[in-house]
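Chains as they are written, first to last, in UniProt numbering: chain A, 1 to 260; chain B, 1 to 260; chain C, 1 to 260; chain D, 1 to 260.
Hints listed in this document are in silico derivations from the structure and should not be mistaken for laboratory results. Cβ atoms here follow ideal geometry from the backbone N, Cα and C, with glycine treated the same way. Treat each hint with caution, since some may be false.
Said to hold, decoys possible - Where chain C lies over chain D, by a calculated footprint (3+ residues, C-beta under 8 Å):
1) 43-49
2) 103-113
3) 200-211
What the hints assert, rightly or not - If you want a taste of the chain A side facing chain D, the calculated C-beta under 7 Å gives, among others:
4) Y175
5) G203
6) I226
7) A227
Protein chains: 4
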Amino acid sequence: MRRTLYRILETSAGNRRGVSLVFNIVLITIITLNAIAIILHTVPAINEKYARLFIDFELFSVLFFTVEYVLRVWVCVENDRYHHWFWGRIQYMLSVSALIDLLAIAPFYVTLFATDLAIVRILRLFRIFRLFRVSKYSHAYRMILSVVRDKKEELLLSLAMIVFMLIILSSIMYYVEHPAQPTVFSSIPATMWWAINAMATVGYGDIHPVTALGKTLASVSAVMGIALFALPTSILVSGFNEHIRYRKMPPRCPHCGKEL
Amino acid sequence: MRRTLYRILETSAGNRRGVSLVFNIVLITIITLNAIAIILHTVPAINEKYARLFIDFELFSVLFFTVEYVLRVWVCVENDRYHHWFWGRIQYMLSVSALIDLLAIAPFYVTLFATDLAIVRILRLFRIFRLFRVSKYSHAYRMILSVVRDKKEELLLSLAMIVFMLIILSSIMYYVEHPAQPTVFSSIPATMWWAINAMATVGYGDIHPVTALGKTLASVSAVMGIALFALPTSILVSGFNEHIRYRKMPPRCPHCGKEL
Amino acid sequence: MRRTLYRILETSAGNRRGVSLVFNIVLITIITLNAIAIILHTVPAINEKYARLFIDFELFSVLFFTVEYVLRVWVCVENDRYHHWFWGRIQYMLSVSALIDLLAIAPFYVTLFATDLAIVRILRLFRIFRLFRVSKYSHAYRMILSVVRDKKEELLLSLAMIVFMLIILSSIMYYVEHPAQPTVFSSIPATMWWAINAMATVGYGDIHPVTALGKTLASVSAVMGIALFALPTSILVSGFNEHIRYRKMPPRCPHCGKEL
Amino acid sequence: MRRTLYRILETSAGNRRGVSLVFNIVLITIITLNAIAIILHTVPAINEKYARLFIDFELFSVLFFTVEYVLRVWVCVENDRYHHWFWGRIQYMLSVSALIDLLAIAPFYVTLFATDLAIVRILRLFRIFRLFRVSKYSHAYRMILSVVRDKKEELLLSLAMIVFMLIILSSIMYYVEHPAQPTVFSSIPATMWWAINAMATVGYGDIHPVTALGKTLASVSAVMGIALFALPTSILVSGFNEHIRYRKMPPRCPHCGKEL
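Let the sequences and hints guide you as you build the complete structure.
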């Protein structure tokens, strides 16, 4: 019976038909409804009207995820990686996947005992982890992970360049604009908020230079930002393109014809 | 006579000379004038001055499009796909192309009987469907459709990633900024408006974080948005490039004549 | 003597040494100083202080450009394309290059007789044409022209798509936002100003939707804008890349080895 | 002993183990702490609380960098390029690398004697040069330099095009918007601030056209800006891609061993 349950719960066990498929559809539906509930719950008008429904659905979700979590821990020993009856289960519970599952339900139980409202509010935020659960079922998530892992070195390099320019531009801008706008460009960290938005060309308009020198520097920042942000973008784009191309047709060696 | 009329009305019937060409030029001119009329009609100064002209042109357009629609239904049986005298015509009337033609004229007739002003205003909006009619004659529209169909899977995947990040970022941002700006970041749906504009680097300035944590999160959102939006962009770009390349003849060497 | 002068004035006559080089450096310097004068002339503080200098430099520039224009018309008959002593000169004066030269000086003479201040102000704007003269000497200008000519068809297609979406989005947005903000989204042309800035992700913040439906539509517009604007960008980028690549190493046929 | 010290201080001397590695880690740590100190020093709340710590750390940093600078000048003669005991040291002190090292410490000594507060404030800005020192140790910095040097010609060309369009658009916009908004579009330099932000799609919202003609011109500017800024971006992207590809080993087929 434990083996049957394992095959139903584990999508990676190669069994995607019958009961397993039904279970997965039910699970993704509940996760999607949770996402909608988390979003609509914050709209006062809707929250007041359907308060009862939100609480009931929350209770049902936590119950469902708790039962699922307990069952997963029970059946995990069917997997060869976690075959020891005790250490295998501990090892499974410490895997990233199982920790995300736990973080999606744990806050509910903690809030039952928590009396401090500030802590309760922060714990509620952890319900968003339920959304990450759907990632296990999505190609997109695994694709992102794989592309980011492939291009790790280049991405870190370009991120370092952006951070370096961010510090240089913010420091110079602070000394240029602080005397003219002491409350807006109040410190270098405050100026960094301007710098990242200038480089990413967001431009909310809450903070911008007013002196001639500051405006010249801001113009240079925008041009540099466009050039610098093109780097991680192009790295990710080429990474995704390679991924899509290889998934469709594995490349072959032009000399011997074998797949690479 | 029905066959002659069919050849005139249907551009895809391979006949693009003589009367058929003249008819198409007249049709596209009327559709373009309709677009200009719809746009200028909303400018109060122009609407007051040329009110009579707008009403007359509207009547003429509806009459023209109605006659054209009736004729198209009458002659459609010349097409092998709709050859049955009754079911063929019903089938034609349910095609996307014919439904767009109907939606472009139907609102006028409904407003004759509608007494509720709110409904009349909504129905007027449907006149924009007349513009979609020009798409039948444009390469651009068919090219977009074909590229989007080719890259459907990748586009949906990247859209899913954007929506996923949108929900995650909005949820975290709501819990971070709501205590500081309860009227601006009033709910997660309100925060999603911020999130999409931050990720697309629009930055209208009507909603932006003020806390240090919120600003840090907004900076991360801008960087992630640039990277994520690069994905559908690059997919569409590569799709359009493939399309343009394939539409042109395969290039040949001018010296030896072999394909390159 | 006319032949010598022709060789000095015409850079395309293959003579880029000695007097011709000196003349070209003097000409480009005067054009650059004109650009700086046009820009600084509008700063009240600088204009008051150096009013005399600006007027003198303007007089000198017009005199210099007039003498140069007259000489160019006199010597143009040395060029085989304009060899007839009368019709050749007329033909030269009607060439794009000579018309730009004329537009750079004509406004000065017209303003001597013009009494209407509004016309004088508009004519002053034409002095910017002096900048376009430098384009004759720049690789960049010729490269842009050549790339735009190569990719004309694709650029017009993508521009048509942007205009089409602009009209559709503006029309829908007007009907959605007009009831909520009748003075801001006052007409479809006013809404088009919003639409172009939303699609290009500029977001000045002077006009933005406030209703839930309007915000949803604006989000869709931003995503569509990013995708649509990627098209002309990628066309230009590939055009420039091809241009740079071909200038460096002409491609060869892989079968016969000859240049294409 | 001078030779040993030279091997420790110079990373390019091929010795990256033992004492040399420890020294480099210490140096980069002190530079990073300096960056954090420069940033946090400007936050009034933190500056008041840890004023003593900031002053002490500044003294320690200057002392450390001074000792390091003196030692580098002493040992530089071990390098074949600077082997003369006097002229070699002068030559080393005039190298870009040594000048950056000097600029990172000199301001401190100058401020000891400076009495004018304005000069002291400007000199403090020069402490940011300490950050540039880390660039000597970073691949990113050398990669940027190398890519920019490779693509110098194309980058200057595209920059010239942007500046040219900037002047043309600003001049026209000034004549269009100045009569409507004389205080906002007060001069062409003021309009250039708008133009660069419109072309880079930043859009802070502090300056934007209000007339119909001005809005049309702004729309054209945004479209042109997207196309023009795509040029340096694509040049840098292709440059970085070439660099990354060449730095990695040429790929080989794992089956037959030949280069692909």
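Hints violated by the structure (numbers, ascending): 1, 2
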